[in-house]
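**Q** Construct the complete structure from the given sequences, taking the supplied hints into account.
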Amino acid sequence: MKPARDVADTIELHLQYLDRYREIIETKLTGLSDAELRGSRLPSGWSPLELLKHLVFMERRWLRWGFTAEQVEHPWGDSGDDPDGRWAVTADDSLESLLAQLHAGGEFTREVVSGADPATVAAAGGRFRPDNRPTLNWILFHVLQEYARHAGHLDVARELVDGATGE
Numbered sequence: 006m007k008p009a010r011d012v013a014d015t016i017e018l019h020l021q022y023l024d025r026y027r028e029i030i031e032t033k034l035t036g037l038s039d040a041e042l043r044g045s046r047l048p049s050g051w052s053p054l055e056l057l058k059h060l061v062f063m064e065r066r067w068l069r070w071g072f073t074a075e076q077v078e079h080p081w082g083d084s085g086d087d088p089d090g091r092w093a094v095t096a097d098d099s100l101e102s103l104l105a106q107l108h109a110g111g112e113f114t115r116e117v118v119s120g121a122d123p124a125t126v127a128a129a130g131g132r133f134r135p136d137n138r139p140t141l142n143w144i145l146f147h148v149l150q151e152y153a154r155h156a157g158h159l160d161v162a163r164e165l166v167d168g169a170t171g172e
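Numbering-wise (my numbering), the sequence shown opens with residue 6 and increments by one.
Quick caveat, the hints were computed from the structure, so don't treat them as lab data. Accuracy of the hints is not assured; some may be wrong.
Claimed, not checked - With a cut-off of at most 20 Å between alpha-carbon atoms, the simulated EDC-like pairs for lysine to aspartate or glutamate come out as follows:
no., residue 1, residue 2
1, Lys-7, Asp-160
2, Lys-7, Glu-17
3, Lys-7, Glu-112
4, Lys-7, Asp-98
5, Lys-7, Glu-31
6, Lys-7, Glu-172
7, Lys-7, Asp-24
8, Lys-7, Glu-28
Said to hold, decoys possible - Distance ranges between label pairs, derived from CB positions:
no., residue 1, residue 2, range
9, Gly-44, Ala-109, 20 to 30 Å
10, Asp-122, Leu-47, 11 to 21 Å
11, Asp-97, Glu-75, 17 to 27 Å
12, Ala-109, Asp-160, 21 to 31 Å
13, Thr-35, Gly-85, 22 to 32 Å
14, Gly-44, Ala-121, 20 to 30 Å
15, Lys-7, Val-161, 20 to 30 Å
16, Leu-47, Asp-136, 34 to 44 Å
17, Gly-44, Asp-122, 14 to 24 Å
18, Ala-169, Asn-137, 39 to 49 Å
19, Glu-31, Asp-136, 34 to 44 Å
The beta carbon of each residue, even a glycine, is placed where N, CA and C say it ideally should be.
**A** What follows is the structure in structure tokens.
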């Protein structure tokens with residue numbers, strides 16, 4: 006569901022849009038076979054399941070490791086622990102497990118940022134250098150644009166798989 010047009014709280018607006026895009030991502034992936042989730046019809050070669058895993062780790066990098074400065078194991082686990090590596094999934098990765106992680110990450114984000122001042126600067130000691138820590142508002146906007154961009158990518162990937170279009 007789209008956020009109401011009268012939501013004025015910037016943090017709440019970001020959170021509602023992030024929830025919406027998580028739902029869109031789940032809808033785009035639901036109904037695909039394991040082969041369709043793990044295969045690619047795109048020249049770049051990424052699969053829908055790889056993109057889902059990327060979103061799980063992306064939000065973790067920006068909020069858990071970034072904003073709260075929590076130390077996390079394998080922050081680049083979506084790309085073989087290489088920040089510049091190609092997205093990858095393992096045999097143990099499944100749609101169900103990655104969707105559960107996606108939604109758990111969303112719950113973490115909501116818990117940590119609800120009611121926070123959007124001008125709050127990310128904590129020291131995590132992802133960011135002490136002299137280059139972004140504000141919460143900047144982080145949430147970045148995470149939102151990642152979700153929106155990749156939802157568009159999934160629109161195309163899903164249409165190529167079975168012709169399904171729309172949100």
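**Q** Do the beta carbons of Gly-44 and Asp-122 sit within 14 to 24 Å of each other?
**A** violated (44 Å)
**Q** Could one say that the CB atoms of Lys-7 and Val-161 fall in the range 20 to 30 Å?
**A** Since Lys-7 and Val-161 have Cβ atoms about 22 Å apart, the given range 20 to 30 Å holds.
**Q** Determine whether the Cβ-Cβ distance between Ala-109 and Asp-160 falls within the hinted range of 21 to 31 Å.
**A** The hinted range 21 to 31 Å holds for Ala-109 and Asp-160, with Cβ atoms some 25 Å apart.
**Q** Holds or violated: are the alpha carbons of Lys-7 and Glu-17 at most 20 Å from each other?
**A** holds (12 Å)
**Q** For the pair Leu-47 and Asp-136, does the Cβ-Cβ distance stay inside 34 to 44 Å?
**A** holds (38 Å)
**Q** Starting from the hint 20 to 30 Å, judge whether the C-beta atoms of Gly-44 and Ala-121 obey it.
**A** violated (40 Å)
**Q** Is it true that Ala-169 and Asn-137 lie within 39 to 49 Å of each other by Cβ?
**A** Holds - the Cβ-Cβ distance for Ala-169 and Asn-137, about 41 Å, lies within 39 to 49 Å.
**Q** Take the C-beta atom of Gly-44 and the C-beta atom of Ala-109, compute their distance, and say whether it sits inside 20 to 30 Å.
**A** holds (26 Å)
**Q** Holds or violated: the 17 to 27 Å window for the beta-carbon distance between Asp-97 and Glu-75?
**A** Because 24 Å falls inside the window, the suggested range holds.
**Q** Quickly compare the C-alpha distance for Lys-7 and Glu-112 to 20 Å and report which way the hint goes.
**A** Given pair Lys-7, Glu-112 holds - Cα atoms ~18 Å apart, limit 20 Å.
**Q** Taking the beta carbons of Glu-31 and Asp-136, is their distance inside 34 to 44 Å?
**A** holds (38 Å)
**Q** Lys-7 and Asp-160 were given as a pair; does the straight-line alpha-carbon distance stay at or below 20 Å?
**A** holds (18 Å)
Hint violations for this structure: numbers 4, 10, 14, 17, all remaining hints satisfied.
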